[in-house]
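As you go down the protein sequences, you meet chains A and B in turn. Going by our numbering, the first sequence opens with residue 7, and the numbers climb by one from there. Going by our numbering, the second sequence opens with residue 271, and the numbers climb by one from there.
Do not rely on the hints blindly, as some may be mistaken.
No more than 35 Å apart at the CA atoms, straight line, and that leaves these computed lysine-lysine pairs for DSBU-like [as the list claims (entries may be wrong)]:
1. B:Lys499 <-> A:Lys241
2. A:Lys156 <-> A:Lys134
3. A:Lys90 <-> A:Lys61
4. A:Lys61 <-> B:Lys616
5. A:Lys134 <-> B:Lys499
6. A:Lys134 <-> B:Lys513
7. B:Lys616 <-> A:Lys130
8. A:Lys80 <-> A:Lys90
9. B:Lys276 <-> B:Lys499
10. B:Lys359 <-> A:Lys314
11. A:Lys130 <-> A:Lys241
12. A:Lys156 <-> B:Lys616
13. A:Lys130 <-> B:Lys499
14. A:Lys61 <-> B:Lys585
15. A:Lys156 <-> B:Lys585
16. A:Lys241 <-> A:Lys134
According to the in silico footprint, chain B covers these stretches of chain A (three or more CB under 8 Å from chain B) [claimed, not checked]:
17. 274-285
18. 310-323
19. 329-342
Covered by chain A, according to a simulated footprint, are these stretches of chain B (three or more residues, beta-carbon under 8 Å) [stated by the list, open to error]:
20. 392-403
21. 410-416
22. 547-560
23. 622-628
These are computed hints drawn from the structure, not numbers from a lab. Every residue gets a Cβ at the ideal spot worked out from N, C-alpha and C, and that includes glycine.
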Amino acid sequence: MDAILLQLLNGLDKGSAYALIALGLTLIFGTLGVVNFAHGAIFMIGAFCAVTLSKIFSLSHLASEPSGTDFLGKPKYEDILYIKEWFGESAGAWMLDWSVPLSILFAIPVMIAIGFIMERGLIKHFYKRPHADQILVTFGLAIVLQEVIKYFYGANPIPTAAPEAFRGSFDFGVLLGFDPNAIIYPYWRLIYFAFSALIIGGVFAFLQFTTFGMVVRAGMADRETVGLLGINIDKRFTIMFGIAAAVAGLAGVMYAPINSPNYHMGMDFLVLSFVVVVVGGMGSLPGAVLAGFLLGILESFASMNEVKNILPGIDQIIIYVVAIIILLTRPRGLMGRKGVMEE
Amino acid sequence: MLGLNKKDLGVLLLVALLALAAPILLNPFPADSGMAQFNAGYPDLMQRFVIFGIFAIGYNILFGLTGYLSFGHAAFLGVGSYSAVWMMKLLSMNVIPAIVLSVIVAGLFSVVIGYVSLRRSGIYFSILTLAFAQMSFNLAYSVLTPITNGETGLQISLSDPRVLDGANAPSYPNLFGAQMNSAATLELGSWSFTFSVGYYLCAFLMLVAFYISIRIFRSPFGLMLRAVKSNQQRMNYTGLNTKPYTLAAFVISGMYAGLAGGLLASMDPLAGAERMQWTASGEVVLMTILGGAGTLLGPVLGAGFIKYFENIFSKINDNVLHGWFSFMPDGLEDFIVTIIHPFVGKGWHLTLGLLFMLVVIFLPGGLVEGGQRIGRMFRRKKSDPNTPDGETTPAE
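Between the sequences and the hints, there should be enough to build the whole structure, so can you do that?
Below you can see the structure in the form of structure tokens.
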């Protein structure tokens, strides 16, 4: 029982990452009708936003006065962090410690800007081209973004720590009456799950309860009619592209402490999130979220030893097996709408 | 001749001539000169040119003719490699059974995957093939380790049974005794040309593959595949079942991939799972698009282009760059080297990605279309200088 609960929790945090990326992919696909293979790269850039901010915070200069002598008798100069100098000792230390959550603020404008540039500069010209061309050009873009990041940050993963307060683990089992240490779960993963639930809820509320969201939904249903009503739907869709990029970017920022960012993490997630989108149904936002969590949970259940003993290797392929079965039995995915990508 | 019209025969003969003379043509610089690093005429690289040429020719039969964008073809290449190495372990170091088996196994494998994947089209097809390829890759790494030897990769060893080989048979892949790595070197002044057995075997098979692909392109079957690409729905409405045609195209391209995999293993008896990864599938897509999908020569050009620059570009480092620009004033030299630096050496993939994007954006027909455009520009100028620039060409 406790093992099952533990795997359920494990599945939730992986599922949150899948769901966030798939949500962004679906937003782009549902509004602009573009299959964006560069979305994984956007996720990766988000993670590197966190890396960048913590690097900026760790910038330092040597003190002008020696603080003592080292073992050779030479005067020793201490490193002084700029942020400690500017914001005071304790505030500076706090900022360095909390650099990952703080990079959310930093990442949002960066990711929206990247989204705008991508849409206006490149993807705009591909609306009329076949889907294969869209896949290919965004695939090329993904390679380019990945290599640019590799050039600036190197090929090795860069560990990025969560704030001190969240580094421990939470004994979840005690709450539910299990033995202590039966279900231990890192705090940060809980936060990741809560954060993604917040973002997903925010995106849905934005689409559901604002006038802007209403227009966007109308545009998703029938772009031409909305255009005929005198609404500049293209502008709104561009903004949605920016929002989708921000969602993927935030998913990346918060994922940085879970898995040290490296330049190909985007590609690793991209394949899986495409599978997630297809399982959920192309163009269906609830479908993407549902499928993200479903596949995340299935994946963690499949990696239980009891399951692996019966079906060896199932943990490696479960997502793909599910995707194949779904695609062949329910061609539109779990919640796909009729008439989307059925040509 | 050979059932080809004059133009196709010309293309085939051109490719044959280029393939036969490649060891000379690709070594235009003397071995001791500073430009020697641009020489591509060493057996290892030339073999890869033709092997990936075969792979891309096969992929083009599927993608270029039917428009189905498969993201999982590397799986067939990998399966071909594994079966070839197993043949060399069990039967004989002769490459013939290895290559034959790799083609057959890849063919069977692609029948299964194609039968399932082709039930859907468009992006769903891409995702399905991707899913199958990733499944094979993951399985090859984990559960199938007894067959694939996991991360280490499948290798041959002296203790393998090899039931057909005699006691003193060569211990390296060979064709009736002629070892794949044996080569004759011709020294002409300061030039040095290497003619290797392995390369000529690959080149011969590439020519056969190219010939078959020309025949497919010009056959009623090829026409049917093009019809599937332009409007599959209409084909279905006329009462024609397109599935057997697309499946046949899929299996043929899978067998080409298997042949390429078998040859890779024959040249260097080693098979690893990374050959099946989806980035490897992406590479063959890049080759085909870069060269020109749907054209005869395109995939071969694309494969050669990518493999050449992959090997040559990645060898250029800062020292080489400084050597080139040493005639400039110091500040300018450093500046230019700094600018070029991210694009060469380890940054070769950046160049590839940019190039690929440019091709998809501005030149959807690939290098072949680029060549045609340049050719047309000159011809038009010669024949009729008054033709307006915005002349439209009729649709196919």
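Hints versus structure:
1. Between lysine 499 of chain B and lysine 241 of chain A the alpha-carbon distance is near 34 Å, which keeps this suggested pair within the 35 Å criterion.
2. Taking the CA atoms of lysine 156 of chain A and lysine 134 of chain A, the gap is about 32 Å. The hint holds against a cut of 35 Å.
3. Only pairs whose Cα atoms come within 35 Å are accepted, and lysine 90 of chain A paired with lysine 61 of chain A is accepted, the gap being roughly 14 Å.
4. Restraint check: the Cα-Cα separation between lysine 61 of chain A and lysine 616 of chain B comes to about 24 Å, which is no more than 35 Å; the hinted pair holds.
5. For a cut-off of 35 Å, the pair hint linking lysine 134 of chain A to lysine 499 of chain B stands: about 17 Å separates their Cα positions.
6. For the suggested pair lysine 134 of chain A and lysine 513 of chain B, the alpha carbons sit about 28 Å apart, so the restraint of at most 35 Å is met.
7. With a C-alpha separation of about 31 Å, the suggested pairing of lysine 616 of chain B with lysine 130 of chain A holds against the 35 Å cut-off.
8. The hinted pair formed by lysine 80 of chain A and lysine 90 of chain A meets the criterion: a straight-line CA distance of about 26 Å does not exceed 35 Å.
9. Our distance criterion of 35 Å between C-alpha atoms is met by lysine 276 of chain B and lysine 499 of chain B, whose separation comes to about 27 Å.
10. For the given pair, lysine 359 of chain B sits about 31 Å from lysine 314 of chain A by alpha-carbon distance, which is consistent with the 35 Å threshold.
11. Restraint check for lysine 130 of chain A and lysine 241 of chain A: the C-alpha separation of about 11 Å stays at or below 35 Å, so the hint holds.
12. In summary, the hint linking lysine 156 of chain A to lysine 616 of chain B is supported, as the alpha carbons are separated by about 10 Å, within the 35 Å threshold.
13. This hinted pair checks out: lysine 130 of chain A and lysine 499 of chain B have alpha carbons roughly 25 Å apart, not beyond 35 Å.
14. With a C-alpha separation of about 32 Å, the suggested pair lysine 61 of chain A and lysine 585 of chain B falls inside the 35 Å cut-off, and the hint holds.
15. For the suggested pair lysine 156 of chain A and lysine 585 of chain B, the alpha carbons sit about 18 Å apart, so the restraint of at most 35 Å is met.
16. A hinted pair counts as satisfied when its Cα atoms are at most 35 Å apart, and lysine 241 of chain A with lysine 134 of chain A qualifies at roughly 17 Å.
17. For the region 274-285 of chain A, the assignment as covered by chain B holds, since 4 residues bring a beta-carbon within under 8 Å of that chain's beta-carbons and 3 suffice.
18. Using a Cβ-Cβ cut-off of 8 Å, 4 residues of the region 310-323 of chain A lie near chain B, which meets the minimum of three, so the contact claim holds.
19. Residue count for the region 329-342 of chain A with a Cβ under 8 Å from a Cβ of chain B: 5. That meets the three needed, and the coverage hint holds.
20. Only residues whose beta carbon comes within less than 8 Å of a beta carbon in chain A count, and the region 392-403 of chain B has 9; three or more means the coverage holds.
21. Look at the region 410-416 of chain B against chain A: 4 of its residues bring a Cβ nearer than 8 Å to a Cβ of that chain, three or more, so the hint holds.
22. Proximity of the region 547-560 of chain B to chain A, defined as three or more residues with a beta carbon under 8 Å from a beta carbon of that chain, is established by the 5 residues found.
23. Residues of the region 622-628 of chain B with a Cβ under 8 Å from some Cβ of chain A number 5, which satisfies the need for three, so the listed coverage holds.
In this structure, every one of the numbered hints holds.
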